[in-house]
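For reference, the chains in residue letters:
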Amino acid sequence: MGTNSRNVFNPIRINPETCVKCNLCDWICPGDLIYKEEDNRETLPVIKYPDECWYCGLCQSICPTQAITVVFPEQMVHNKTDVVSLLGKVAG
Amino acid sequence: MSAGSDSFQRIDTDVLVVGGGVAGSMAAIPALEAGLKVVICEKGKVLDHCGSIGCGVDHYLTIMDSGPEWDTPEFLLKHVPELTDGIVDMAVAGRVIHEMPRIFRKIESLGVDFRDRQTGDYYRLRSFGLPGTYHINFDGTDFKKHLGERVRKGKATVLMRTMVVQLLVRDNRAYGAVAFNFRSGEWTVIRAKAVVLAAGDVNRISKNASGLAFDSWHIPYNTGDAQAMGYHAGAQLANMESVEATLTPKGFSCQGLNALVSLGAHFVNKAGERFMFKYDKKGENARRAVIADGVINEYLLGNGPIYLDCRHLPQDMLDRMEHTLQVDRYTLPAYYQQKGVNFREELVEVSVSELSIRRSGVYFRGSGLSVDVNGETAVEALFAAGDCATVSGGISGAAVLGHIAGEGVVQRIRAGGGALPEPDPRMLEQVRAQSEAHLRQDEGMPWKDYEETTRQTVSDYVGVRRDERGLKLALDTLRALALRDPQLRADDLHGLMRVHEARNIRMNAEMMATASLARQETRTGSSHFRMDYPQTDDRNWRKFVIVERGSDGPVTRTLSTDQPLSAAFSRGNAAVAA
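Chains S and X, in that order, give the protein sequences. Sequential numbering from 1 applies to the first sequence in my numbering. Sequential numbering from 93 applies to the second sequence in my numbering.
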């Protein structure tokens with residue numbers, strides 16, 4: 001049950017060279033997934049709960065230095081699911 | 093970990109709003125204008141984005157009274173019974189529709205520019221089966237920012253990263269709530285003369301193509317918190333049997349596809365047939381529920397995959413599409429890019445999204461908390477608006493009913509209600525202790541597994557095809573799952589918030605299955621399709637199914653749609669005088 005054991009895909013890439021450690025991505029994330037130590041210009045933001053990402057890209061849109069890129073996992077980009085399997089066990 | 097009730101932060105206010113989206117912000121505005129103190133609890137951290145879709149807005153439904161007959165409240169209202177397949181609270185829908193022009197002008201006065209940047213005029217489109225060009229297509233990237241600014245200017249207190257876990261109710265009157273901040277762990281008791289629930293729809297409730305629980309069409313952080321808390325507080329809910337699915341690019345449950353359809357895109361099946369006219373004479377201009385139903389049927393007939401086809405459209409229309417794509421969902425262009433699909437020249441494979449409990453693809457019929465014409469629920473001084481209420485209509489429905497509820501709150505408070513009760517300290521302590529116990533369930537059930545069971549059960553038996561046997565099986569599973577509530581494990585404060593969400597999702601699924609079992613007919617296609625009662629039965633089922641708390645879980649009763657939902661409320665003086 002569940003998908004917890006699977007390796008968790010990281011939905012966003014943060015470029016450590018261009019990130020200015022400003023806290024805005026932490027502030028804007030609607031899912032409370034990105035944690036950035038406040039008042040510390042040394043530490044990078046951490047994607048603490050990557051499997052709870054909605055892929056909304058608000059972090060990317062607010063980043064002042066375009067240091068964030070949203071990356072979609074394989075099962076979203078090249079999806080192989082049989083849609084009929086989502087329509088329930090009563091249909092057949 | 094545990095502490096006495098003196099360890100709670102205490103806030104006394106006039107109005108508590110749960111949820112800082114469009115409905116919550118619009119409810120706060122009239123209260124602030126009346127000089128009332130307002131506290132808003134919000135799980136996110138900003139007021140600048142829509143609660144349902146997290147971004148801007150690309151279309152807004154309104155009447156403008158611009159001259160032609162179709163652009164009047166009377167004309168639209170006349171069509172509401174057919175738009176809702178007869179299941180609608182005409183009293184509340186009537187109030188919402190009549191208030192549309194006024195609230196539209198008010199939003200314009202807050203700084204939202206609905207005009208087309210190029211022509212300087214309103215670009216109005218016909219979509220989702222509505223009998224006129226009621227949707228303004230516009231660049232609403234900053235729509236919510238203007239609403240949020242007004243709330244901030246009004247000096248509302250906004251508690252961010254805060255989850256409300258229980259309403260305070262005495263003698264069927266709401267007087268506040270208990271909440272905790274999932275960053276600091278601080279608990280707060282908020283006493284208020286009135287409470288507005290505006291926490292949105294129910295997501296993460298069934299499976300989708302990607303299999304990722306948080307990949308949902310509407311924001312996955314809307315988890316039916318208002319509906320579950322309202323239920324526990326004694327409010328009534330209606331239309332909970334109606335589910336909503338949409339169509340998405342396969343693999344990414346995002347909005348944006350419907351905007352393409354309203355701009356002229358077609359659906360085709362694997363044989364290349366444009367099939368939508370088989371299901372509705374309006375073709376792709378049919379209601380959202382009908383469009384989704386058509387695609388579900390084609391898949392079940394073995395005619396999938398289904399594709400979105402934009403190739404016939406003129407370049408200027410494709411340009412407009414490309415521009416509006418990212419307003420609703422910022423990452424959609426990047427998704428198409430990573431996928432390597434150019435929707436201008438290629439077919440885009442389409443999937444049926446996960447389900448949600450919202451308004452079942454129908455305007456003016458919401459699934460959620462029953463309200464009267466002032467937005468007040470069956471519990472006095474407890475209001476609801478937006479996707480968690482029974483009259484829902486996208487962004488504009490949330491804005492209009494939100495504003496109505498805000499004005500209703502002002503009336504309710506002016507009508508008096510005596511001193512605010514003092515909550516029982518033992519009850520407060522118990523709420524907190526039970527919650528924090530999840531942090532110590534080292535061997536307990538992970539909330540992700542609990543949620544996955546809910547999703548699988550709903551997908552299999554409470555989804556787009558239902559029957560009595562399957563629904564009973566689902567109810568058995570969902571009730572058994574509830575027995576495990578106390579053992580749910582949270583690894584940290586963030587996880588504790590998710591535990592509460594997971595419980596709320598399950599509660600909503602149980603309400604949905606209970607209501608679905610009660611309605612022994614099929615209505616609005618796949619929104620409520622009973623294989624054992626495949627026909628729409630107007631003679632016996634022009635009725636609401638109302639869900640409320642019984643002694644042993646949710647119970648249902650029915651009410652003729654000739655009556656408003658508030659006719660089933662037991663509180664005296666059903667509405668304060670307008």
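Quick caveat, the hints were computed from the structure, so don't treat them as lab data. Fair warning: there could be bad hints in the mix.
Just the calculated beta-carbon pair ranges, DEER-fashion [as the list claims (entries may be wrong)]: (1) X:His-171 x S:His-78: 17 to 27 Å; (2) X:Lys-362 x S:Glu-74: 15 to 25 Å; (3) S:Thr-69 x X:Gly-394: 31 to 41 Å; (4) X:Phe-369 x S:His-78: 29 to 39 Å; (5) S:Lys-89 x X:Gly-127: 51 to 61 Å.
Dumping the calculated DSS-like pairs for lysine-lysine here, alpha-carbon to alpha-carbon at most 27 Å [claimed, not checked]: (6) S:Lys-48 x X:Lys-540; (7) S:Lys-36 x S:Lys-48; (8) X:Lys-373 x X:Lys-170; (9) S:Lys-80 x X:Lys-431; (10) S:Lys-89 x X:Lys-564; (11) X:Lys-170 x X:Lys-247; (12) X:Lys-370 x S:Lys-36; (13) X:Lys-431 x S:Lys-89; (14) S:Lys-80 x X:Lys-635; (15) X:Lys-129 x S:Lys-89; (16) X:Lys-137 x X:Lys-431; (17) X:Lys-431 x X:Lys-370; (18) X:Lys-373 x X:Lys-431; (19) X:Lys-137 x S:Lys-36.
Every value quoted in this text rests on a predicted model; they were computed, and no experiment measured them. Note that the Cβ used here is the ideal one computed from N, Cα and C, for glycine as well.
Query raised in the report: So which hints don't hold here, by number, going up?
Result: Result: hints 1, 11, 12, 13, 14, 15, 16, 17 and 18 break, sorted rising.
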